[in-house]
Amino acid sequence: MHAFVNYTLDGLSVGMVYAAVALSLVLIWRSTRILNFAGGAMAMLTTYIGLSLIDRGANYWVAFFGALIAGLVLGAVVERVFVRPVENKPPINAVIVTLGLFTLIEALAGMIWGNSKSRSFPAHFSGNGYRVGTTRVAFAPFDTFIVVAVALTMVALLGLFQYTSLGLKMRAAAFEPVVARLQGIRVSRMLTLGWALAAAAGSLAGVLVAPRILPLSPNYMDDVLVYGFSAAVLGGLDSPVGALIGGLVLGLTREYVGGYVSSTYEIEGALVLLIAVLMVRPQGLFNRIAPRRV
Amino acid sequence: MATTPAAPESARTTGPVTDADGPPPSAPSGRARSAWERLPVVARTAIFALAFAVIGILIANGISRYRDFQLAEIAAYLVAVAGLTVLTGLNGQISLGHGALMAVGAYCAAVLLLHAHLPLVVVLLLSALAGGVAGVLVGAVAARLRGPYLAGATLALAVGLPEIPKNYKYFGRDEGLTINPPLPPGWLGTNAPIERWGAYICIIGAAVTLFLLANLSRGRVGRNFRAVRDDEIAASLAGISVPRTQILAFTVSAACAGLAGGLLALVTPTVGPGGFSLALSIQLLVAIVIGGMGNLPGAVLGSIVLVYLPSWATSISNGVGLSKQIGANLALAIFGGMLIVVMLAFPGGIAAAVRRTWWALTSRRRPATTIPAGP
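Keeping their order, the protein sequence lines are chains S and G.
FYI, our numbering numbers position 54 of the first sequence as 54, with every residue one higher than the one before it.
FYI, our numbering numbers position 353 of the second sequence as 353, with every residue one higher than the one before it.
Wrong hints could be hidden among the right ones.
If you only want the chain G side, here are some residues facing chain S, beta carbon under 7 angstroms, derived [claimed, not checked]:
{"hint": "1", "residue": "VAL136"}
{"hint": "2", "residue": "LEU137"}
{"hint": "3", "residue": "VAL141"}
{"hint": "4", "residue": "ALA156"}
{"hint": "5", "residue": "ASN167"}
{"hint": "6", "residue": "GLN325"}
{"hint": "7", "residue": "GLY337"}
{"hint": "8", "residue": "LEU339"}
{"hint": "9", "residue": "ILE340"}
Calculated lysine-lysine pairs in the DSBU-like style (CA-CA distance at most 30 angstroms, straight line) [said to hold, decoys possible]:
{"hint": "10", "chain 1": "G", "residue 1": "LYS324", "chain 2": "S", "residue 2": "LYS117"}
{"hint": "11", "chain 1": "S", "residue 1": "LYS169", "chain 2": "S", "residue 2": "LYS89"}
{"hint": "12", "chain 1": "S", "residue 1": "LYS117", "chain 2": "G", "residue 2": "LYS166"}
Rather than coming from a laboratory, the hints here were simulated on the basis of the structure.
Remember, predicted model here, so these are calculated numbers, not experimental data.
Ideal Cβ placement from N, Cα and C applies to all residues, glycine included.
Next comes chain S alone, as it looks inside the complex:
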């Protein structure tokens, strides 16, 4: 029972990180129908920017918000420069361009910061579990911070999309670009803004997961991106709520498989889950759009 509680708590905290990655993928998918394979690499880059700020003596919060702002800028730049030319092309073109970005960004980060230096990202809150009675549970103040930060981001984005006119414009631009343009909405700006917000959500995941990874290397987001992608697909790629639930399901699965089977099978467990869901419901669990019939 004690073990089960610990695995569950661990799964929640890891799952929230996956949910943030999934949210970043979902936002981009909704606005431009592109799956951003560079998402992990972009988050890694902004995390390293935050780390550089800390190296120069900045405190944790400066680095934290610095990374998020770097994410906003990077997302907008990537959309304008690299993604815009392939937006209305066959989907494979966009896949290849984002994969190229993924490779290029990781290589550039390796050039700037090195591939195997033993660096780590500091955690502002303690990583020691809370004490319940006489035992410690596997949930630390830092895990609380992860859950709160991701939850706040999700609520903020949900509020933006549902209750502000800017959010309404963004949704209109994503779903009916032609009609939106006729209504006077600057569709291309809305798409850029969508990418910027998505990249910031990805940066949040990158900064939050970084303290768990020792040593930090430029490819540390690769398997986080795979989990995040799986979470987004579980949720149907179109639904932010689905991204949250998908992330939590993936996080819990990973911890249960790691705890009860073997820690070496964590990623296989996630893959089996992904393939099982894709076989049964290719459109994801929370997608109302009709699946592709073959």
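On the provided structure of chain S, position chain G as indicated by the hints.
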């Protein structure tokens, strides 16, 4: 009339537009066909494959051991690149998992060579079969998924599969398996280097693969691949089973990857989880993008770049005096940059861009509209 898809082809295309969509506009319709053009496709592709093998073997005989090793690597990667270019270019399915499928073939070959005494040809056929079986499984999932979803699912394959052998002692865990490379037969000469024999095997393997794929893509099966890529609804109205065609394409392509893995296992000769990372899958993708998707001659160019670019990058960074940190990442940066630049500037591949320029320079008579445009 009723069976003809009504949709205008160019407007409905969902897959990548490639140069291999049809025979290149080589013969203006007014002129009588030459003797070469009257030969059946099988004979023409056989002559090409034979010429490829002969030229390859002649090159292998005239170069150093290290160059022989590189040549063998090029030929082995060419098998995988050719398979991937058929899948992506002709059938419109993208796979980021071909590095992992190569691992399946490589481990299969290594296990067979270590534990069973089978002829080399049988070992290679079995590694192609292993890749093909893995391909059926992946293809069955893949046939339900569209472009980006498919890319993501195969990305998961590329990240997850190479982790599996790490857990088993049978597969040598992190170190992998080391095999004894096949010894050159007597007729090659008494002191023929082992690398040259490896190059022979890989070149013959590549020639056979190119021959089979060229015939496949020009025949009924290849037409079905393209029909499904261009318009699934029209294809199914014409009586083509869309999922079966997609699974077949994935299986053929995966069998090529398996064979490529088996060939690579013979020449490297260590098979370990580190050799089949996500980076390998992306490099295969770079090779098909450079060569032009669906373009088999382009695959040769792509494979050469794939093998030589890292050593070029090393010599460039040494020559210019870049730091080790930058030099180690230079090849990867160039691969990534190439994907972006080629996709934005020459979507038909560099080979197609060169050929288009060549056509434009050599023949003024031909109307410009027959030159396929990039997407």
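Going through the hints against the structure:
no. : hint                : result
1   : VAL136              : violated, 14 angstroms
2   : LEU137              : violated, 9 angstroms
3   : VAL141              : holds, 6 angstroms
4   : ALA156              : holds, 5 angstroms
5   : ASN167              : holds, 5 angstroms
6   : GLN325              : holds, 5 angstroms
7   : GLY337              : holds, 6 angstroms
8   : LEU339              : holds, 3 angstroms
9   : ILE340              : holds, 4 angstroms
10  : G:LYS324 - S:LYS117 : holds, 13 angstroms
11  : S:LYS169 - S:LYS89  : holds, 24 angstroms
12  : S:LYS117 - G:LYS166 : holds, 24 angstroms
Going through the hint list in order, the structure does not satisfy hints 1, 2.
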